[in-house]
Amino acid sequence: MAVDEPAPVPAQLDVRVQAADFDVGAEIARLHAGRTDVGAVASFVGLCRDEGGTLAALELEHYPGMAEMEIRRVAEAALARWPMLTAVTAIHRHGRIPPGDRIVLVAAASPHRTAAFEAAEFLMDFLKTRAPFWKKEHRLDGTEGAWVAAKDTDDAKADRWR
Amino acid sequence: MAVDEPAPVPAQLDVRVQAADFDVGAEIARLHAGRTDVGAVASFVGLCRDEGGTLAALELEHYPGMAEMEIRRVAEAALARWPMLTAVTAIHRHGRIPPGDRIVLVAAASPHRTAAFEAAEFLMDFLKTRAPFWKKEHRLDGTEGAWVAAKDTDDAKADRWR
Amino acid sequence: MKLVYFAWVRERIGLSEETVDVPDHVVTAGDLIRWLAGRGDAYAHAFEAAAQIRVAVDQEHVPQDAPLGPAREVALFPPMTGG
Amino acid sequence: MKLVYFAWVRERIGLSEETVDVPDHVVTAGDLIRWLAGRGDAYAHAFEAAAQIRVAVDQEHVPQDAPLGPAREVALFPPMTGG
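Protein sequences, first through last, are from chains W, G, U and H. The first sequence begins at 1 in my numbering and counts up one residue at a time. The second sequence begins at 1 in my numbering and counts up one residue at a time. The third sequence begins at 1 in my numbering and counts up one residue at a time. The fourth sequence begins at 1 in my numbering and counts up one residue at a time.
Rather than coming from a laboratory, the hints here were simulated on the basis of the structure. All C-beta atoms, glycine included, are put in the ideal place defined by N, C-alpha and C. Careful: at least some of the hints might be erroneous.
Said to hold, decoys possible - To give a feel for the contact side, a few chain U residues facing chain W, derived at Cβ under 8 Å: (1) TRP8; (2) ALA56; (3) GLN64; (4) PRO67; (5) PRO79; (6) MET80; (7) GLY82.
What the hints assert, rightly or not - Not close to chain W: a few residues of chain G, all C-beta gaps over 10 Å, as computed: (8) GLY25; (9) GLU68; (10) LEU79; (11) GLY145.
Extracted from the complex, chain W is given alone in its bound form (with noise of 0.2 Å):
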């Protein structure tokens, strides 16, 4: 595992901010197309859930710019800490959307296993707590729903990483 060799090319990075969905195929295939030196492709994909059956619609609200510029900011460290990735990619939509759908991808690709895994995991991680998004429920009532309210754990994920 030539964990500090430097990637032949440098590394491919996609960060998108955007309200339509994205083709996860699509997303994935575009990270080793083309090219013979990747041997692994790590991804994840995050979903609107709905939790007790009373929700019409997370309304994800972001903040213009830096959203963009926070993930990619995320993925640069990415980079940084894992310097045999060759491409990663963060998607991440805002506005209305019902369960079910997708919310966010992060793919990481890499020669080997390992750096692909963890680098995806690490995004996850550093998006949840970085990006500047912000998750409203409205219910199936017709009832205004809550702010989702930021969980501890998911700094603790992040801290891991420190």
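Based on these hints, arrange chains G, U and H on the given structure of chain W.
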């Protein structure tokens, strides 16, 4: 994190050993399609990698029958270890696979991300060390390549989970 | 100084953004939160759990004890819940 | 007893599978490997690094000290390199 909460319906388990390629986006989508209790799908794609620019293809030999059974045993161990998992998919190809092509997909779905990430990494670690597949190199110059040697680091990764 | 608010901070104040003249004694991000909390009931409610409030100066996270310096845009918001 | 071979074990022996009558003193998987290694140069080469050889009895991994019991199919192969 209700790690010990049983999944509301039996987890979906899909194991395939096949010569054909697979559709990563469709497989990941299938892990959460039609349900709203899945918040996380972690996945891994393993690709044929050409270290030195001399590889024509890897030939993947497998033990028919046992290959599928052993991957299924590994997937069942993951479901036992992370009872919150809602679905696991593992697809492993055999036959001749050129550099850049997909070899393996594992994906795990769960309400929360930690179980999905851990299970995907667990599946790969044990699939590497327990599933009866062997890789032989075919070289571009037509000379017979070597059988790929098993790595001690892969055994060490699998041992972490014991 | 331009202030921008998000999520329940925005809802409680009733504004997405505003431009304010900040008195000289407001040096750090924490000073700003305490000063804003004194601007009326809506602000007091928004900043009642002051320690929870996150601050970004020109779109970068800063701790509450960081000096604001020549900030163009200061954002105040609850802990993030994206991902 | 049906024996099946994979990867370089198969190549060195020159057979994918064969059915053999195993003598009574062959009790464990390790006994089987040692007995096979004595069946000629090809087998000796296949099993020269005996400790590396993996064994599956009726398509389940077993350690070399496991008794073979009433096995229908015993597979002998190198460490796996899938994934």
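query = Of the hints stated earlier, which fail here?
reply = 3, 4, 8
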